[in-house]
Amino acid sequence: GAVVSQHPSWVICKSGTSVKIECRSLDFQATTMFWYRQFPKQSLMLMATSNEGSKATYEQGVEKDKFLINHASLTLSTLTVTSAHPEDSSFYICSASRTGAISGNTIYFGEGSWLTVV
Amino acid sequence: AQSVAQPEDQVNVAEGNPLTVKCTYSVSGNPYLFWYVQYPNRGLQFLLKYITGDNLVKGSYGFEAEFNKSQTSFHLKKPSALVSDSALYFCAVRVPLADRGSTLGRLYFGRGTQLTVWP
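Just so you know, the sequences run in chain order A and B.
Residues in the first sequence are numbered from 1 upward in steps of one, following the working numbering.
Residues in the second sequence are numbered from 1 upward in steps of one, following the working numbering.
To be clear, the hints were calculated from the coordinates, so they are not data collected in a lab.
Warning: the hint list may mix true and false statements.
As the list claims (entries may be wrong) - One side of the interface only, derived from the structure: several residues of chain B facing chain A at Cβ under 10 Å: (1) Glu8; (2) Val11; (3) Asn17; (4) Thr20; (5) Lys22; (6) Tyr25; (7) Lys49; (8) Phe63; (9) Phe67; (10) Lys69; (11) Lys77; (12) Leu107; (13) Gly110; (14) Gly112; (15) Trp118.
All C-beta atoms in this analysis are idealised placements derived from N, C-alpha and C, irrespective of residue type, glycine included.
All chains should be built: construct the whole structure from the sequences, respecting the hints.
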């Protein structure tokens, strides 16, 4: 079945530095990927929609200069947290759907990436 | 506006007993409904989905869900719970393709229900 891979699973970085998280669709092409943020025991909050070959679409309240998204190929989207601060510490999850899927496609999620900013 | 409600933060059942995790939705047009499960520190795993057809949908790990259009519900069920079913469950609705401005794959999530199955 379709698999979405995220890397790294865990990352610790110093305050003020930047960290990149990758999201890959392993056996299908995805023109659109989604980045979510999840706080402990809470639901997923959509941060942005990543579109291959174009700019990402950010949800209201999400700083685009803070959370840089690049979707350079049909199988890879990256989220870069710039100038990270402790309040950016969170669980980040990506998802992807198949290119050209008919209605009813299933959306697959990565395993998530834990970011801790110290 | 699309929305999903999971009225229970927590559901506790004894192993071997049937379980139900509730979900109601509000969406314009025909809904595409999903259930996902999340184990601690992990991503979301797909359980099942309803797109069209039979209202009773069977999914992974013995779970099933019934689409009820009149009640706008999509409750998750399992006839006999296992301790290993203990996890966080999310109901989600996808924006129908007919909606202008919709993005294929955009999901709206409920807040999640923590299921605990005790031995």
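Here is what the structure says about each hint:
1. Because the closest C-beta pair between B/Glu8 and chain A is about 14 Å apart, greater than 10 Å, the hint is violated.
2. About 14 Å separates the beta-carbon of B/Val11 from the nearest beta-carbon of chain A, more than 10 Å, and the hint is not met.
3. This hint is violated: B/Asn17 has a C-beta 24 Å from the nearest C-beta of chain A, more than the 10 Å allowed.
4. Hint status for B/Thr20: violated, given a least beta-carbon distance of 20 Å to chain A, over 10 Å.
5. Hint status for B/Lys22: violated, given a least beta-carbon distance of 15 Å to chain A, over 10 Å.
6. A hinted interface residue such as B/Tyr25 counts as satisfied when its beta carbon comes closer than 10 Å to some beta carbon of chain A; here the least separation is about 14 Å, so the hint is violated.
7. The beta carbon of B/Lys49 comes within 6 Å of a beta carbon in chain A, closer than 10 Å, and the hint placing it at the interface holds.
8. For B/Phe63, the interface hint is violated, since its Cβ never comes within 10 Å of a Cβ in chain A; the closest pair sits about 15 Å apart.
9. With a cut of 10 Å, the hint placing B/Phe67 at the interface with chain A is violated, because the nearest CB-to-CB distance is about 13 Å.
10. With 10 Å as the threshold, the beta carbon of B/Lys69 stays out of range of chain A, its nearest partner Cβ sitting at about 17 Å, so the hint is violated.
11. Taking 10 Å as the C-beta contact cut-off toward chain A, the hint placing B/Lys77 at the interface is violated, the least distance being around 20 Å.
12. The restraint placing B/Leu107 at the interface with chain A holds, with a minimum CB-CB distance near 6 Å, inside the 10 Å limit.
13. About 7 Å separates the beta-carbon of B/Gly110 from the nearest beta-carbon of chain A, less than 10 Å, and the hint is met.
14. With 10 Å as the threshold, the beta carbon of B/Gly112 comes within range of chain A, its nearest partner Cβ sitting at about 5 Å, so the hint holds.
15. Hint on B/Trp118 is violated. Least Cβ distance to chain A is approximately 19 Å, over the 10 Å limit.
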